[in-house]
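Since the structure of chain A is already known, use the hints to place chain B on it.
Below are the chains, spelled out letter by letter.
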Amino acid sequence: MNIRETAPRITELEKISTRTDTRDYLAKAAPTKEKLKDWLIVDVDAHVNETAFWSEVTDRIDNEVLRYIAEAFRERGRGPGLLNANGPLYQDVSGRIMHQQNLSEPTPPGLHRQVQLTQRAMDALGIDYMVVFPTPMLSLGMHPQADAEVALGNAYNRWLIEEILPQDKRQKALLYLPFNEPDACVETVERFADAPGVVGFSVTSTRHKPVWHNSYMRLYAALQETGKPLGFHAGFSWADPSFQQINRFIGMHSLSFVHFNMIHMTNWVLNGLPERFPGLKVIWIESGLAWVPFVMQRLDSEYMMRTSECPLLKRKPSEYIQDMYFTSQPLERSNMKLTQATFEAISADTQLLYASDWPHWDFDAPSSITKLPFLKEDAKRNILGLNAARLFGLEVPAAKSGVKASPQRVAVPAE
Amino acid sequence: MIDWMPGEAMNEIMVGELSEFTEGGYRVLRVDSFEFGIFRQGDRLVAYENQCPHDGGPVCQGKVIPRVEEELAPDQTSRGLRFSKKRNIVCPWHGWEFDIETGRHCGDPKYRLRSVDVKVRDNRVYVSVPPAAL
Numbered sequence: 002m003n004i005r006e007t008a009p010r011i012t013e014l015e016k017i018s019t020r021t022d023t024r025d026y027l028a029k030a031a032p033t034k035e036k037l038k039d040w041l042i043v044d045v046d047a048h049v050n051e052t053a054f055w056s057e058v059t060d061r062i063d064n065e066v067l068r069y070i071a072e073a074f075r076e077r078g079r080g081p082g083l084l085n086a087n088g089p090l091y092q093d094v095s096g097r098i099m100h101q102q103n104l105s106e107p108t109p110p111g112l113h114r115q116v117q118l119t120q121r122a123m124d125a126l127g128i129d130y131m132v133v134f135p136t137p138m139l140s141l142g143m144h145p146q147a148d149a150e151v152a153l154g155n156a157y158n159r160w161l162i163e164e165i166l167p168q169d170k171r172q173k174a175l176l177y178l179p180f181n182e183p184d185a186c187v188e189t190v191e192r193f194a195d196a197p198g199v200v201g202f203s204v205t206s207t208r209h210k211p212v213w214h215n216s217y218m219r220l221y222a223a224l225q226e227t228g229k230p231l232g233f234h235a236g237f238s239w240a241d242p243s244f245q246q247i248n249r250f251i252g253m254h255s256l257s258f259v260h261f262n263m264i265h266m267t268n269w270v271l272n273g274l275p276e277r278f279p280g281l282k283v284i285w286i287e288s289g290l291a292w293v294p295f296v297m298q299r300l301d302s303e304y305m306m307r308t309s310e311c312p313l314l315k316r317k318p319s320e321y322i323q324d325m326y327f328t329s330q331p332l333e334r335s336n337m338k339l340t341q342a343t344f345e346a347i348s349a350d351t352q353l354l355y356a357s358d359w360p361h362w363d364f365d366a367p368s369s370i371t372k373l374p375f376l377k378e379d380a381k382r383n384i385l386g387l388n389a390a391r392l393f394g395l396e397v398p399a400a401k402s403g404v405k406a407s408p409q410r411v412a413v414p415a416e
Numbered sequence: 043m044i045d046w047m048p049g050e051a052m053n054e055i056m057v058g059e060l061s062e063f064t065e066g067g068y069r070v071l072r073v074d075s076f077e078f079g080i081f082r083q084g085d086r087l088v089a090y091e092n093q094c095p096h097d098g099g100p101v102c103q104g105k106v107i108p109r110v111e112e113e114l115a116p117d118q119t120s121r122g123l124r125f126s127k128k129r130n131i132v133c134p135w136h137g138w139e140f141d142i143e144t145g146r147h148c149g150d151p152k153y154r155l156r157s158v159d160v161k162v163r164d165n166r167v168y169v170s171v172p173p174a175a176l
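Read top to bottom, the protein sequences are chains A and B.
So for the first sequence, my numbering puts the first residue at 2; every next one is plus one.
So for the second sequence, my numbering puts the first residue at 43; every next one is plus one.
Just so you know, these hints were derived from the structure itself, not from any lab.
Any given hint might turn out to be false.
[To be verified] Only pairs whose alpha carbons sit at most 35 Å apart, straight line, appear in this in silico DSBU-like list of lysine-lysine: (1) A:K338 / A:K38; (2) A:K36 / B:K105; (3) B:K152 / A:K36; (4) A:K38 / B:K161; (5) A:K338 / B:K127; (6) A:K401 / A:K315; (7) A:K317 / A:K282; (8) A:K16 / B:K152; (9) A:K377 / B:K127.
[As the list claims (entries may be wrong)] Stretch by stretch, here's where chain B covers chain A in the computed footprint (C-beta under 8 Å, at least three residues): (10) 87–98; (11) 346–360; (12) 363–377.
[What the hints assert, rightly or not] The following label-pair restraints were derived from C-beta to C-beta distances: (13) A:F295 / B:F125: 33 to 39 Å; (14) A:E276 / B:L114: 50 to 56 Å; (15) B:Q118 / A:A86: 34 to 40 Å.
Quick reminder that beta carbons are idealized off the backbone N, C-alpha and C, glycines included.
Chain A with its partners taken away, still in its complex shape (with noise of 0.2 Å):
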């Protein structure tokens, strides 16, 4: 019998909408952050929505008439002028996941609109660093005018270091490289390497340009030489034409976003790029890890028919892929005796970095992670934070730092 001496209080919950605090929207995941509040949280995959801002982004092009032509399509009103279109955007599914329709909640003055969201994301899901990305740019590489990727590209480069990241030192990115310009990727890397808050560069892997061209190297030597990785983040495109035989958004986002990295990374391994540039690491960031052991094995096979087609390799395809790094969302976790395999296949332990992917509709929280039952602890803390404090140089709190999983101590950013 249960008796209690105070009456029960009713309290009426709201809908969630668009306009939601991200607080009380991820007011669920509270056990799991409180759960792991001595836990180093490293989210390697979030996204800002610069189109929300865009005006701050067209308003840093260098290029003047490019910026004017930015300008001008202010005026026809709202919307990315400029920026390519990527064919209907289901991920919402049509209105059914209002996070990813829009973050229409209101934010005090203050610190940067965008800074004040990724802050609450963070704060809900129990996040110590989290970096950031586009959302819309990452079809940017498929915008035919390989200028306009340029300008952009740096824009929104300029209007993170300026605008963003000094409010924020939690907040971290991996810079906007505009790939379908070789040269100016150079200048970019050189431009902004050592801006604070930038751990990295990436590629939108959404493109057609091979990344096995001689026009690359000069890139990779650079990227090299600034000590920090390369990410090769996916996206998805319709447009392709292979892609034009899917009739629904299910099948071409399911395998879409594993396409071009697929690719990517068959060309980055056969073509001997981790024999040159064996200081350069590289993250595969956002198309999930079940493709991963199917490539190396693919590779694997052929590699021992047709050994005269990558003469540069000195090892396997697949040994050179585990030495690669790999965010974890979205995680397939339907079967999990091949999400076992998958993680010794990449070698989790070490090679593995959690993403959340906030505010997309398939995002994993920290206990997508936890939750896992053949992981030991020292793995999972790990792979939620500690493996990307290393790989990114960033400041363990000692409390953070795990009882046995971090013997080494991180370096410390210069910033």
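Same frame as chain A, but now just chain B:
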């Protein structure tokens, strides 16, 4: 108004008049730490815990949307998509959809929402709340 007296056993509590639950509508309530949604269909009420079996999201605070089905002609050609008369509760975290009548996921019925006992007596709505939550 709360139908409760100090010292009384508190497994079942009154959460409102039936008229406060509109036809086709739903409300999400918290009684101390226990959160649940009450969904009205005609004169019938169903209630579920506000916790998605997928990842713990606030499932009852999402949308209720008619189920989508695909109509096939006798020769198995598709006549396109249409809305069913069945309705689904959609978790706002990741879009998992659950049949409002059964609480089961519409794509994999082994996942289901946890039911909450709800009764109507004298036009008042009573919900059984686990003692541990009170």
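Results for each hint:
1. With a C-alpha separation of about 29 Å, the suggested pair K338 of chain A and K38 of chain A falls inside the 35 Å cut-off, and the hint holds.
2. With a C-alpha separation of about 30 Å, the suggested pairing of K36 of chain A with K105 of chain B holds against the 35 Å cut-off.
3. Distance hint between K152 of chain B and K36 of chain A is fulfilled; the C-alpha atoms sit about 28 Å from each other, no more than 35 Å.
4. For the hint linking K38 of chain A to K161 of chain B, the alpha-carbon distance of about 41 Å lies beyond 35 Å, and the restraint is violated.
5. Using a Cα cut-off of 35 Å, the hinted pair K338 of chain A and K127 of chain B is violated, with the two alpha carbons roughly 38 Å apart.
6. Between K401 of chain A and K315 of chain A, the direct Cα distance comes to roughly 39 Å. Violation of the 35 Å bound is thereby established for this hinted pair.
7. Distance check on the hinted pair: K317 of chain A and K282 of chain A sit about 18 Å apart at the alpha-carbon level, within 35 Å; holds.
8. Distance restraint check for K16 of chain A and K152 of chain B: the Cα-Cα separation of roughly 26 Å lies within the 35 Å cut-off, and the hinted pair is therefore satisfied.
9. Taken as a hint, the K377 of chain A and K127 of chain B pair is broken in the structure, with Cα atoms around 47 Å apart against an allowance of 35 Å.
10. Counting residues of the segment 87–98 of chain A whose CB lies closer than 8 Å to any CB of chain B gives 4, which reaches the minimum of 3, so the coverage claim holds.
11. For a cut-off of 8 Å, the count of residues in the segment 346–360 of chain A with a CB near a CB of chain B stands at 0, and the three-residue condition is violated.
12. Chain B is given as covering the segment 363–377 of chain A, and this holds because 5 residues of the stretch bring a CB closer than 8 Å to a CB of that chain, at least three being needed.
13. Hint check: F295 of chain A to F125 of chain B, Cβ distance near 38 Å, so the stated range 33 to 39 Å holds.
14. Between E276 of chain A and L114 of chain B the C-beta distance comes to about 55 Å, which sits within the given range of 50 to 56 Å.
15. Range check, Q118 of chain B to A86 of chain A: Cβ separation about 35 Å, and the 34 to 40 Å hint holds.
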